[in-house]
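Undergrad: Chains as they are written, first to last, in my numbering: chain F, 1 to 296; chain U, 297 to 588; chain S, 589 to 824.
There's no promise every hint is true.
[What the hints assert, rightly or not] If you only want the chain U side, here are some residues facing chain F, beta carbon under 8 Å, derived:
(1) Trp310
(2) Asp348
(3) Gly410
(4) Ser413
(5) Arg480
[To be verified] Over the 12 Å line for every Cβ pair with chain U, so calculated as not near, a few chain S residues:
(6) His722
(7) Asp811
(8) Phe814
The hints are simulated quantities; they were obtained by calculation from the structure and are not laboratory data. A virtual CB, placed ideally from N, CA and C, is assigned to each residue, including glycine.
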Amino acid sequence: MRRRQPAGRPARGLEYLFPAAAAAGGLFTLAILAFLLVFGFPLLVDGRLAGLLLSPWEPDRGLFGIYPMALASLLLALSALVIGVPLSLGTSCVISTLAGPGLRRFLMHGVRLMAAIPTVVYSFAALFLLVPLMRRLLGAGSGLGLLTAAPVLALLVSPTMIIFFTNSFNRVERQVLLAADALGATGPQKLLFVILPAAWPGILNGMLLGFGRAMGDTMVSLMLAGNSPVVPGSVVDPARTLTAHIALVMAADFDSMEFRSVFVCGLVLYAMTGLLMLCFRLVAALGRRTRHERPA
Amino acid sequence: MNGLPEKLLTIFSWLALSALAAALVFLLGFLWMRGLPTLGPELLFGHTPPLDALLFRQQVFDGLFPAVCGTLLLVLLSMLLALPLGIPAGIYMAEYAGGRLRRLFNLFFDILAGIPSIVIGLAGLSLTIFLHRVFPGRVAPSLLVSGLALAMLVLPYLIRTTQTALEQVDPLLRATAPALGASRLQNILRVLLPSALPDITGGIILATARCAEDTAVIMLTGAVASAGLPGSLLDRYEALPFTIYTISAQYGSPEELAVGFGAAVLLLFLCMGLLLAALGVQRRLSVLLLYR
Amino acid sequence: MKTDSQRTKIRTRDLCFFHGRRQVLDRVNVELAANRITVITGPSGSGKSTFLMVLNRLWEEYGRCSLSGRVEMEMDGRMVEIHDPAVDLSGLRRRVGMVFQQPNPLPMSIFRNVAFPLKLIHVRDRDRIRRAVHSALERVHLWQEVKDRLHEDGRSLSGGQQQRLCLARALVLRPEVLLLDEPTSSLDPAAAAAIEELLLELKSTCTLVVVSHYHDQIRRIADQRFTVVNGRFSAD
Numbered sequence: 001m002r003r004r005q006p007a008g009r010p011a012r013g014l015e016y017l018f019p020a021a022a023a024a025g026g027l028f029t030l031a032i033l034a035f036l037l038v039f040g041f042p043l044l045v046d047g048r049l050a051g052l053l054l055s056p057w058e059p060d061r062g063l064f065g066i067y068p069m070a071l072a073s074l075l076l077a078l079s080a081l082v083i084g085v086p087l088s089l090g091t092s093c094v095i096s097t098l099a100g101p102g103l104r105r106f107l108m109h110g111v112r113l114m115a116a117i118p119t120v121v122y123s124f125a126a127l128f129l130l131v132p133l134m135r136r137l138l139g140a141g142s143g144l145g146l147l148t149a150a151p152v153l154a155l156l157v158s159p160t161m162i163i164f165f166t167n168s169f170n171r172v173e174r175q176v177l178l179a180a181d182a183l184g185a186t187g188p189q190k191l192l193f194v195i196l197p198a199a200w201p202g203i204l205n206g207m208l209l210g211f212g213r214a215m216g217d218t219m220v221s222l223m224l225a226g227n228s229p230v231v232p233g234s235v236v237d238p239a240r241t242l243t244a245h246i247a248l249v250m251a252a253d254f255d256s257m258e259f260r261s262v263f264v265c266g267l268v269l270y271a272m273t274g275l276l277m278l279c280f281r282l283v284a285a286l287g288r289r290t291r292h293e294r295p296a
Numbered sequence: 297m298n299g300l301p302e303k304l305l306t307i308f309s310w311l312a313l314s315a316l317a318a319a320l321v322f323l324l325g326f327l328w329m330r331g332l333p334t335l336g337p338e339l340l341f342g343h344t345p346p347l348d349a350l351l352f353r354q355q356v357f358d359g360l361f362p363a364v365c366g367t368l369l370l371v372l373l374s375m376l377l378a379l380p381l382g383i384p385a386g387i388y389m390a391e392y393a394g395g396r397l398r399r400l401f402n403l404f405f406d407i408l409a410g411i412p413s414i415v416i417g418l419a420g421l422s423l424t425i426f427l428h429r430v431f432p433g434r435v436a437p438s439l440l441v442s443g444l445a446l447a448m449l450v451l452p453y454l455i456r457t458t459q460t461a462l463e464q465v466d467p468l469l470r471a472t473a474p475a476l477g478a479s480r481l482q483n484i485l486r487v488l489l490p491s492a493l494p495d496i497t498g499g500i501i502l503a504t505a506r507c508a509e510d511t512a513v514i515m516l517t518g519a520v521a522s523a524g525l526p527g528s529l530l531d532r533y534e535a536l537p538f539t540i541y542t543i544s545a546q547y548g549s550p551e552e553l554a555v556g557f558g559a560a561v562l563l564l565f566l567c568m569g570l571l572l573a574a575l576g577v578q579r580r581l582s583v584l585l586l587y588r
Numbered sequence: 589m590k591t592d593s594q595r596t597k598i599r600t601r602d603l604c605f606f607h608g609r610r611q612v613l614d615r616v617n618v619e620l621a622a623n624r625i626t627v628i629t630g631p632s633g634s635g636k637s638t639f640l641m642v643l644n645r646l647w648e649e650y651g652r653c654s655l656s657g658r659v660e661m662e663m664d665g666r667m668v669e670i671h672d673p674a675v676d677l678s679g680l681r682r683r684v685g686m687v688f689q690q691p692n693p694l695p696m697s698i699f700r701n702v703a704f705p706l707k708l709i710h711v712r713d714r715d716r717i718r719r720a721v722h723s724a725l726e727r728v729h730l731w732q733e734v735k736d737r738l739h740e741d742g743r744s745l746s747g748g749q750q751q752r753l754c755l756a757r758a759l760v761l762r763p764e765v766l767l768l769d770e771p772t773s774s775l776d777p778a779a780a781a782a783i784e785e786l787l788l789e790l791k792s793t794c795t796l797v798v799v800s801h802y803h804d805q806i807r808r809i810a811d812q813r814f815t816v817v818n819g820r821f822s823a824d
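Using the sequences and the hints, build the whole thing.
TA: Right, dumping it as structure tokens:
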């Protein structure tokens, strides 16, 4: 006998608006990519893509490589994570398990407030507080560099990671937590032996999220990392990230190769976003799969 | 030996929290100390009498008034552009989209959400250049372009907020109106949207804060250090975050630097205020809905 | 020849219902008499609520379901297949009212709750609305209790009152069929008895299909009874 599926009802007037709006949104995502490609085209087509990505930035010698900037972005983001992830994990442990209910609520509100602080405000304050400090500590240099920017960046991305980690911790299945409680596990024991192992997809994804945010931020590196377009020799050297590069080269002539290099930066950042997105989904899927295979 | 890992974890976690809190207190405390003394009418209006400035009778050259106005206009413009797209798209994702189409859109919107803001600004700049070639002399980085770009920035956030808010409506409530003969559109407009309104409104306010604080996008699409009040949508303009950046890079005197601190504190208040408003609205609307 | 009291209101032929790949209803062939109370009973999970949702096509609001077979309802003197494309879905649901197991007042005042179906069909005459609300609340014997607080939120009522409110709301458009999914299971005995009285009164104007697993209740109100086990119906 023929099977009936739910009868779709014809869309009326206003209902056409909804998919149209979604389609427009999707189109914008593609349009951004398109603009970047079109404008970066000459540089890409010249077959110098490898050269671009690997050579240094020396415009007077005709080299428009973004390698130093890409490296700086990576180094800065990773440094920020090295500082930020442990701090965020620890804070999440406190918020989800170790703190009492009053403190928990206060901390959650605090973290949310922290997330609302604009990056330019962080950078401004750090510029006049941290940079002179760095100058005195190191005894030399301008005080601007990776070492100055990394902690501030860590502070910037921490609230996002904290919220994400805390949510993952809280979503560990109740039955498992109840079992641990019934067996007399203390808070820290629950964290160590139950929650942290179970929440690993969330922890991984939180780190990916933080990494994405760190790579994508402009103001911290622009204002604090010094803006020297050469490969940094050490963490105290100044460096220029991809994002800062885009902001700085703006002033150049629109048709020059110098200017077009920023579009390659943009494409690299766009590609990084896509890549992170895929990893994010992969981790989530892996997490779901292992959960299914655990005995009920 | 017993309990050492747990003890270490506990100590480390509390230390981590303290370190974060301390860093925050230091930075914000410093900002507060340097910025609080500058708060006052001179911060906004400089040497121009406030009343004249507010009535646009006189220009303000050494105050934050043009930047504050610029930010407000910018926020208004971008929200006006983003809301008519974001909310319906969110409704579509929650109520109409299914299967492959839904996953496709999810991917697109996730990517859009992850694009660094400077790249969005770059796209805005390229749009400007492109339009400049097509309509020579008429299109340039301006309030309009920034508004468009900022709208792109917050669009994915609005979509996801609306989508999540709708998906969290109680399934029983969701089936009530259809059982009474309501069409899908009627169900959405009369029951689902009103029920999801507190969360959606909270999301809108947070999106507003995002527009107000962003620097990277507006740097590339029309914000300048001094332009006075924008005469039209196609003019350049000043904005608070950009002013903060410019002052940090090129301040000429301690007074100018002080203005920078004042501006930073002002922006901080603005964004915090919006956040608190969002939380408050969410709570209050939920309560209101409970007793309509 | 069928007399008036044995007229069939609803008839199903080889009705099968699937949720994904799982079969929930298996070749249901029943005839439900008009103006009678038909009770559907059986162990939990056997498909009773699903059967109700077939009758007003509410299953279509949930994904991944499909059905086969015929479901016919008497409308304006003729037996009509309710899945026929010519049938207006909203119209069907206005003829076939539903009361859920959990009371589900909308987040609005008592008055607006009952008036809601009228709003859906764009009735604007305030007098007509007021009279219809009054009449519906009277039919469920709720009027006296709420007449002074019609503008209070519907959720501020007690469980039994809420259920009667939902019943009033379902009745305001004068449906021909009323579907009730365990209408008294979340109520105390006194409230439950009041609802049962109501159902017996409503027989004269409606055909009622009630899911219940209270044997006493079934004994008291059922004219016709079906037991469902694993999706198969058997008459008693």
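Undergrad: To test your reading of the hints: which numbers does this structure violate?
TA: 2
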